[in-house]
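Chemist: Residue-level listing of the chains:
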Amino acid sequence: MKRVIVLFLGAALALSSSGPLRAADTTVTISQGVDADTLNPLSKTVTPTNNVVQHVYERLADFGNRSGEFVPLLAVSWKRINPTTEEYKLRHGVTFSNGDPFTSADVKYSVEWIKDKSHASEQTPFVRDIDRVETPDPYTVRFISKVPTAIPPGLQQPIFIVDAKYFQEKGLAYVAEHPVGTGPYVLREWKRDDQLTFDANPKWWGGHPKIDHVVFKPIPEAGARVAALRTGATDLITNVPPQYYIQIVGGRNTKLVSTRSLRQLFIAFNTLQPGPQQNKLVRQAINYAVDVPAIVKNVLGGRGYELTSPIPPNYFGYDASVPGYKHDLAKAKALLAKAGYPDGKGISLVVNAPIGRYNRDREVAEAVTGQLQTVGITATVKPQEWVSYSSMVGHRALSPLYELGWNQPSADADGVVTALFTSSGPLSCYANPEVDKLADQARGELDVAKRKALYKQIATILHEDAPWIVLFEYEDLYATSKRLHFQPRGDEAIRAYEMSLT
Amino acid sequence: MTAYLARRALGALWALIGVAVVVFLILHLTGDPAAVMMPPESTRAEIDAFRHAQGFDRPLIVQFGSFAASAARGDLGLSLRHQEPAMGLTLQRLPATIELAGSAFIIVVLIGVPAGVLSALRPRTWIDYTARVIALIGQSAPTYWIGLMLILLFAVRLGWTPASGIGDWRNLVLPAATLGFFSTAKIMRLTRGAMLEIMGADFMRTARAKGLTAARVSLGHGLRNALLPVVTQLGVELGTLLSGAIITETVFAWPGVGRLAVQAVFERDFPVVESVVLIAAAIFVLLNLAVDLLYAVLDPRIRYA
Numbered sequence: 003m004k005r006v007i008v009l010f011l012g013a014a015l016a017l018s019s020s021g022p023l024r025a026a027d028t029t030v031t032i033s034q035g036v037d038a039d040t041l042n043p044l045s046k047t048v049t050p051t052n053n054v055v056q057h058v059y060e061r062l063a064d065f066g067n068r069s070g071e072f073v074p075l076l077a078v079s080w081k082r083i084n085p086t087t088e089e090y091k092l093r094h095g096v097t098f099s100n101g102d103p104f105t106s107a108d109v110k111y112s113v114e115w116i117k118d119k120s121h122a123s124e125q126t127p128f129v130r131d132i133d134r135v136e137t138p139d140p141y142t143v144r145f146i147s148k149v150p151t152a153i154p155p156g157l158q159q160p161i162f163i164v165d166a167k168y169f170q171e172k173g174l175a176y177v178a179e180h181p182v183g184t185g186p187y188v189l190r191e192w193k194r195d196d197q198l199t200f201d202a203n204p205k206w207w208g209g210h211p212k213i214d215h216v217v218f219k220p221i222p223e224a225g226a227r228v229a230a231l232r233t234g235a236t237d238l239i240t241n242v243p244p245q246y247y248i249q250i251v252g253g254r255n256t257k258l259v260s261t262r263s264l265r266q267l268f269i270a271f272n273t274l275q276p277g278p279q280q281n282k283l284v285r286q287a288i289n290y291a292v293d294v295p296a297i298v299k300n301v302l303g304g305r306g307y308e309l310t311s312p313i314p315p316n317y318f319g320y321d322a323s324v325p326g327y328k329h330d331l332a333k334a335k336a337l338l339a340k341a342g343y344p345d346g347k348g349i350s351l352v353v354n355a356p357i358g359r360y361n362r363d364r365e366v367a368e369a370v371t372g373q374l375q376t377v378g379i380t381a382t383v384k385p386q387e388w389v390s391y392s393s394m395v396g397h398r399a400l401s402p403l404y405e406l407g408w409n410q411p412s413a414d415a416d417g418v419v420t421a422l423f424t425s426s427g428p429l430s431c432y433a434n435p436e437v438d439k440l441a442d443q444a445r446g447e448l449d450v451a452k453r454k455a456l457y458k459q460i461a462t463i464l465h466e467d468a469p470w471i472v473l474f475e476y477e478d479l480y481a482t483s484k485r486l487h488f489q490p491r492g493d494e495a496i497r498a499y500e501m502s503l504t
Numbered sequence: 039m040t041a042y043l044a045r046r047a048l049g050a051l052w053a054l055i056g057v058a059v060v061v062f063l064i065l066h067l068t069g070d071p072a073a074v075m076m077p078p079e080s081t082r083a084e085i086d087a088f089r090h091a092q093g094f095d096r097p098l099i100v101q102f103g104s105f106a107a108s109a110a111r112g113d114l115g116l117s118l119r120h121q122e123p124a125m126g127l128t129l130q131r132l133p134a135t136i137e138l139a140g141s142a143f144i145i146v147v148l149i150g151v152p153a154g155v156l157s158a159l160r161p162r163t164w165i166d167y168t169a170r171v172i173a174l175i176g177q178s179a180p181t182y183w184i185g186l187m188l189i190l191l192f193a194v195r196l197g198w199t200p201a202s203g204i205g206d207w208r209n210l211v212l213p214a215a216t217l218g219f220f221s222t223a224k225i226m227r228l229t230r231g232a233m234l235e236i237m238g239a240d241f242m243r244t245a246r247a248k249g250l251t252a253a254r255v256s257l258g259h260g261l262r263n264a265l266l267p268v269v270t271q272l273g274v275e276l277g278t279l280l281s282g283a284i285i286t287e288t289v290f291a292w293p294g295v296g297r298l299a300v301q302a303v304f305e306r307d308f309p310v311v312e313s314v315v316l317i318a319a320a321i322f323v324l325l326n327l328a329v330d331l332l333y334a335v336l337d338p339r340i341r342y343a
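Chains A and B supply the protein sequences, listed in that same order. Under our numbering, residues 3 to 504 are what the first sequence spells out, in order. Under our numbering, residues 39 to 343 are what the second sequence spells out, in order.
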């Protein structure tokens with residue numbers, strides 16, 4: 003009799019612990035190349051770290067699938083109450099996973115934490131336009147900028163909101179490993195460089211995500227990532243090298259998924275340094291000499307999209323009527339002759355390129371130099387390791403040409419134009435007072451149609467002046483298990499709460 | 039003996055200080071990582087503010103002074119990447135590396151030494167040839183390639199082991215074999231060479247003439263004498279294995295010191311590189327001492343005073 007009772011109790015316990023009313027727990031394992039640097043969401047800007055922390059922390063609003071579109075998260079609505087003030091109404095009844103209520107004080111604290119210079123946060127550019135934050139009541143917050151900006155201050159690159167009380171009480175070393183947010187998941191365990199496990203947050207205002215547990219299992223080597231996917235040890239891998247495509251497409255349990263990236267690759271002329279690249283005709287000739295579709299086809303295996311303008315079609319500000327440069331050797335040669343370099347004689351160029359920073363970065367630069375030889379220009383690639391390369395870019399020291407990639411998560415022309423084409427732009431080697439003026443105007447223009455027209459003007463000048471060899475946008479590839487439904491995004495974000503399993 | 043140990047400890051301290059200084063200078067001469075850490079749209083002023091907060095804008099000598107002062111207290115500063123104490127991050131990864139290196143070392147000793155002895159005792163037989171061919175592969179094939187091939191065969195095709203990561207003993211087999219392969223080959227060749235030389239020595243003939251069994255002759259007299267160079271090399275090998283099996287840890291996603299070191303170097307995470315190098319140097323110093331002490335056990339003629 004006793005044994006029967008024990009058995010019965012055991013069975014009841016087993017049933018209750020597995021939750022008889024719910025289907026079996028679902029787990030998704032995600033393998034990026036590297037682990038999160040820290041779980042403090044206010045300090046870093048690198049994609050793999052971001053992909054992890056966004057499961058715990060939330061923003062006021064998030065970028066939607068199209069440029070200019072936002073998904074309300076911790077803010078339910080926002081409006082411009084005067085040209086320099088954006089007022090956000092916050093979601094009621096939201097709590098952090100430790101039980102603390104979410105209020106406007108937390109928003110103010112998060113912005114100010116990043117602005118505090120002593121924290122050396124890499125996110126300072128994200129809050130650059132916010133002059134100060136006001137909290138009229140617990141569910142209203144106002145972001146005030148110095149000058150009017152078209153994109154509301156706070157939405158250029160929305161930041162994560164932390165629990166002010168928890169951050170102050172526990173200190174930075176602690177919060178870096180013990181995240182407490184309002185988001186869909188809570189941290190169960192983090193074994194550095196090994197695996198990090200999230201469980202669904204029972205208190206999440208958004209309900210219960212379809213995936214109960216999310217595991218981040220970093221695997222640095224691409225071949226090993228593919229092997230882990232094929233053995234079922236992981237469900238989703240990033241940065242899949244082309245040589246594995248056939249294996250994955252042909253695999254019994256694996257598939258490739260892809261999307262058009264917001265990241266473009268380009269080669270800029272350093273027009274601030276002396277040399278033939280200061281001659282507009284030479285720049286135009288080089289643009290005609292480069293055959294972008296051939297590069298996309300042969301170097302990227304077709305996984306890319308030719309661009310005609312630095313403002314790509316999936317960005318706000320794109321205008322299809324602005325022409326691009328079509329591959330045309332006759333025009334290239336004619337322009338070179340007109341510029342005083344018949345048959346390209348007398349032009350010898352160096353194309354600086356990073357190694358391994360962007361997909362096929364060095365190979366693309368090599369293809370471009372090869373094509374320049376068809377019009378008689380001598381060109382060589384100077385590849386460099388990324389850390390020193392990026393510092394030289396910042397000092398405008400790479401000349402006459404340098405290759406760079408750019409991804410603007412807001413998908414708005416403002417970021418591209420301000421950073422890369424204005425004379426004070428941090429990565430610009432181009433100076434044109436007219437572009438400076440138009441860029442400033444577009445930045446502060448609140449009327450959408452007028453703003454669009456301004457970017458058309460800028461794009462037209464950039465076409466004529468040709469400060470870049472405009473190349474292409476990438477196609478981002480992920481490999482997943484067949485059971486996983488995952489729709490990749492152009493900004494490289496990976497969100498388990500938007501996935502489901504079959 | 040005590041005096042000898044004290045002398046060695048003092049020497050070790052100087053070695054560590056020297057390593058710390060050289061690594062600090064080399065790292066800082068390559069430029070600071072502010073530009074690469076900040077997002078690309080940062081303005082010069084934003085990068086400069088970041089640089090100032092990290093203290094990179096101070097003269098090198100001042101930076102070195104504050105580094106030396108805190109290093110003397112065992113504090114190597116906060117990791118730039120993780121913003122946590124660099125030494126702590128490194129020590130956190132040490133158990134995984136010791137587990138992997140220890141297992142690989144066991145493979146090296148248990149396979150490398152016996153294979154070398156057998157090969158020397160039966161020269162120009164199939165045993166010898168097989169062992170030598172395997173040793174040749176082990177010494178010439180890149181670790182990276184061997185690791186990937188083992189993963190493809192045993193994890194993907196046969197499904198016997200997990201493809202990567204740390205866990206139970208099954209996770210350990212492939213990385214330990216990969217890591218141990220190169221050293222095993224080296225030790226095997228060294229043991230074989232040493233044994234062949236010893237086997238022809240006069241005292242070996244004497245031993246045989248005394249009527250000792252073949253096993254006593256080759257193991258008791260031959261191997262014991264052949265072991266001196268082998269033990270020296272084993273010490274070096276263990277140090278190499280422990281100081282971060284960079285490629286193996288990367289291929290197998292093993293959460294050890296080597297992987298931490300790779301990322302730290304790529305991202306110019308100075309404090310972490312410093313701690314990894316210092317720990318590796320300390321391991322080498324200790325192992326060298328251990329090997330020297332072991333000599334005295336193996337060869338009673340060696341005495342330290």
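These are calculated hints, taken from the structure and not from any lab test. Any given hint might turn out to be false.
[As the list claims (entries may be wrong)] Covered, in the sense of this in silico footprint (three residues per stretch, anywhere, with C-beta under 8 Å from a C-beta of chain B), are these stretches of chain A:
| # | stretch |
| --- | --- |
| 1 | 221 to 230 |
| 2 | 387 to 393 |
| 3 | 430 to 439 |
Computed from a prediction, not measured in an experiment: that's the story for all the values here. Using N, Cα and C, we set each Cβ at its ideal position, and we do this for glycine too.
Chemist: So, for every hint listed, does it hold in this structure?
Modeler: Cross-check of the supplied hints:
no., hint, verdict
1, 221 to 230, "holds (count 7)"
2, 387 to 393, "holds (count 5)"
3, 430 to 439, "violated (count 0)"
In this structure, only the earlier hint numbered 3 is contradicted, and the remaining ones agree with it.
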